[in-house]
Amino acid sequence: MSGLAATASTRATAATPTSRPATVLQVFLEFLIIGATSFGGGVVAYLRNSLVSKRAWLDDKGFVELLSISQSLPGLNSTNMAILIGDRLCGLAGALAGIVGICLPGGLLMLAAGMVYHQHGDHALVTAALKGVAAAAVGLILATVVQLGKKSLEHTADAVFVVATVLGVNRLHQSVLTVLVMVGLIATFWYRPRKTQNGANR
Amino acid sequence: MKEIPALIRVFAYLSLLTVGGGMAAFPEMKILTVQVHHWVTFPQLVHIYSVGQMAPGPNMMMIVSIGDWVAGILGSIVVVIAFFGPTSLLTLTIGRLWKRLERWPWRKSIQEGLAPVSIGLLLAGCFTFARGAVTGLDTAAIAVGTLLILLKYKINPALLVLAAAIIGALSF
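Residue numbers (the working numbering), protein chains in the order written: chain W, 1 to 202; chain X, 1001 to 1172.
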């Protein structure tokens, strides 16, 4: 019974009618603006704000569904979202417009920043400032991990998989690919589909 | 010019490891760009990644800088295509198949299984990064301070990173 209900609800989220049609140019410009203004990471929040709240190009359910696809595939969440949303709105051209738009401003900025760093990166003042920036980046990444963990870790077994992954990379010095595949397979098998009466594993 | 094929190989490979976020690929990025190909030093890699945190858009656009240092503008374009091309094609394909995959019982298992692994990879990347970024009590204090402020208050992280730059420069 619960299986039926689950199928029905996933059907509903899968059907994502776009509330308002968008052209490829509109998609490109919107992603370009997000790519130029989303300072401080958390691009996904900027995307939701702009595409769901402001433009109403897709609804919240559709957005969350696309986000869950983005998160379980390789690739950055922000660029995967650009591909998926662009594709839903305008097909292949939309996907291309989305990813080029979101990458272009930051890419040009980092090209310039890289050139400046290459010439002046060894100045004592620059090194001192970057020392502070790098330290803050550690705090920023940890905060992201904590927030992500609160949202997506529900089972006790998850803690074991997190620790196994960290140890595999940092202590056993295995390649990220090896650890990803090994722990990923074990964890996937742990959460394998089971035919329990009440779906307790779900 | 002769480094172009290596740039393509390295960054296409790295992109496949970015499950959960760009930081997941960082340990491998360090090995390949610093130890194997000697394109950058570890401090340079840590620095340019940190600068990238202040830029808008996807947080791995620092790869553009590495591409430019190794092979000029062409290198930076090649790196972007190699890094975003394969995963984008995969995402496009899976995105279109998603409705059909919904009935596949293993899809949920893979999603549930990958969630803790992706968080572990981010954490592992962060630890590798921290080895280059947290070098003493002063930098440890900035890292912990940033973490605590971000967990407690809703503040734009770019501002904190900027503040840390100023603190760093002043302490010089």
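For the record, the hints were derived by calculation from the structure and aren't laboratory data. By construction, the Cβ of each residue, glycine as well, lies at the ideal position given by its N, Cα and C atoms. One should not assume that every hint holds.
Pair by pair, the computed Cβ-Cβ distance ranges are [to be verified]: (1) W:Asp59 <-> X:Phe1172: 49 to 55 Å; (2) X:Leu1159 <-> W:Leu167: 21 to 27 Å; (3) W:Lys61 <-> X:Thr1093: 41 to 47 Å; (4) X:Lys1002 <-> W:Ser53: 20 to 26 Å; (5) X:Thr1093 <-> W:Ala157: 51 to 57 Å; (6) W:Ala93 <-> X:Phe1172: 46 to 52 Å; (7) W:Arg192 <-> X:Ile1155: 40 to 46 Å; (8) W:Lys61 <-> X:Thr1135: 42 to 48 Å; (9) X:Arg1103 <-> W:Leu177: 28 to 34 Å; (10) X:His1037 <-> W:Thr23: 28 to 34 Å; (11) X:Ile1166 <-> W:Lys150: 43 to 49 Å.
Pairs of lysine to any residue, SDA-like flavour, derived with a Cα cap of 25 Å [stated by the list, open to error]: (12) X:Lys1099 <-> W:Ser152; (13) X:Lys1108 <-> W:Met115; (14) W:Lys61 <-> X:Leu1092; (15) X:Lys1108 <-> W:Gly184; (16) X:Lys1002 <-> W:Leu153; (17) X:Lys1152 <-> W:Leu153; (18) W:Lys61 <-> X:Leu1089; (19) W:Lys61 <-> X:Lys1002; (20) X:Lys1099 <-> W:Ala36; (21) X:Lys1154 <-> W:Val52; (22) X:Lys1108 <-> W:Ala36; (23) W:Lys61 <-> X:Ile1110; (24) X:Lys1154 <-> W:Gly184; (25) X:Lys1108 <-> W:Arg192.
Verification of the supplied hints:
| no. | hint | in the structure |
| --- | --- | --- |
| 1 | W:Asp59 <-> X:Phe1172: 49 to 55 Å | holds (50 Å) |
| 2 | X:Leu1159 <-> W:Leu167: 21 to 27 Å | violated (35 Å) |
| 3 | W:Lys61 <-> X:Thr1093: 41 to 47 Å | violated (22 Å) |
| 4 | X:Lys1002 <-> W:Ser53: 20 to 26 Å | violated (49 Å) |
| 5 | X:Thr1093 <-> W:Ala157: 51 to 57 Å | violated (30 Å) |
| 6 | W:Ala93 <-> X:Phe1172: 46 to 52 Å | holds (49 Å) |
| 7 | W:Arg192 <-> X:Ile1155: 40 to 46 Å | holds (42 Å) |
| 8 | W:Lys61 <-> X:Thr1135: 42 to 48 Å | holds (46 Å) |
| 9 | X:Arg1103 <-> W:Leu177: 28 to 34 Å | holds (29 Å) |
| 10 | X:His1037 <-> W:Thr23: 28 to 34 Å | violated (42 Å) |
| 11 | X:Ile1166 <-> W:Lys150: 43 to 49 Å | violated (30 Å) |
| 12 | X:Lys1099 <-> W:Ser152 | holds (22 Å) |
| 13 | X:Lys1108 <-> W:Met115 | violated (44 Å) |
| 14 | W:Lys61 <-> X:Leu1092 | holds (19 Å) |
| 15 | X:Lys1108 <-> W:Gly184 | holds (13 Å) |
| 16 | X:Lys1002 <-> W:Leu153 | violated (45 Å) |
| 17 | X:Lys1152 <-> W:Leu153 | holds (20 Å) |
| 18 | W:Lys61 <-> X:Leu1089 | holds (24 Å) |
| 19 | W:Lys61 <-> X:Lys1002 | violated (48 Å) |
| 20 | X:Lys1099 <-> W:Ala36 | violated (32 Å) |
| 21 | X:Lys1154 <-> W:Val52 | holds (21 Å) |
| 22 | X:Lys1108 <-> W:Ala36 | violated (35 Å) |
| 23 | W:Lys61 <-> X:Ile1110 | holds (21 Å) |
| 24 | X:Lys1154 <-> W:Gly184 | violated (33 Å) |
| 25 | X:Lys1108 <-> W:Arg192 | holds (8 Å) |
Comparing the model with each numbered hint stated earlier shows that hints 2, 3, 4, 5, 10, 11, 13, 16, 19, 20, 22, 24 do not hold.
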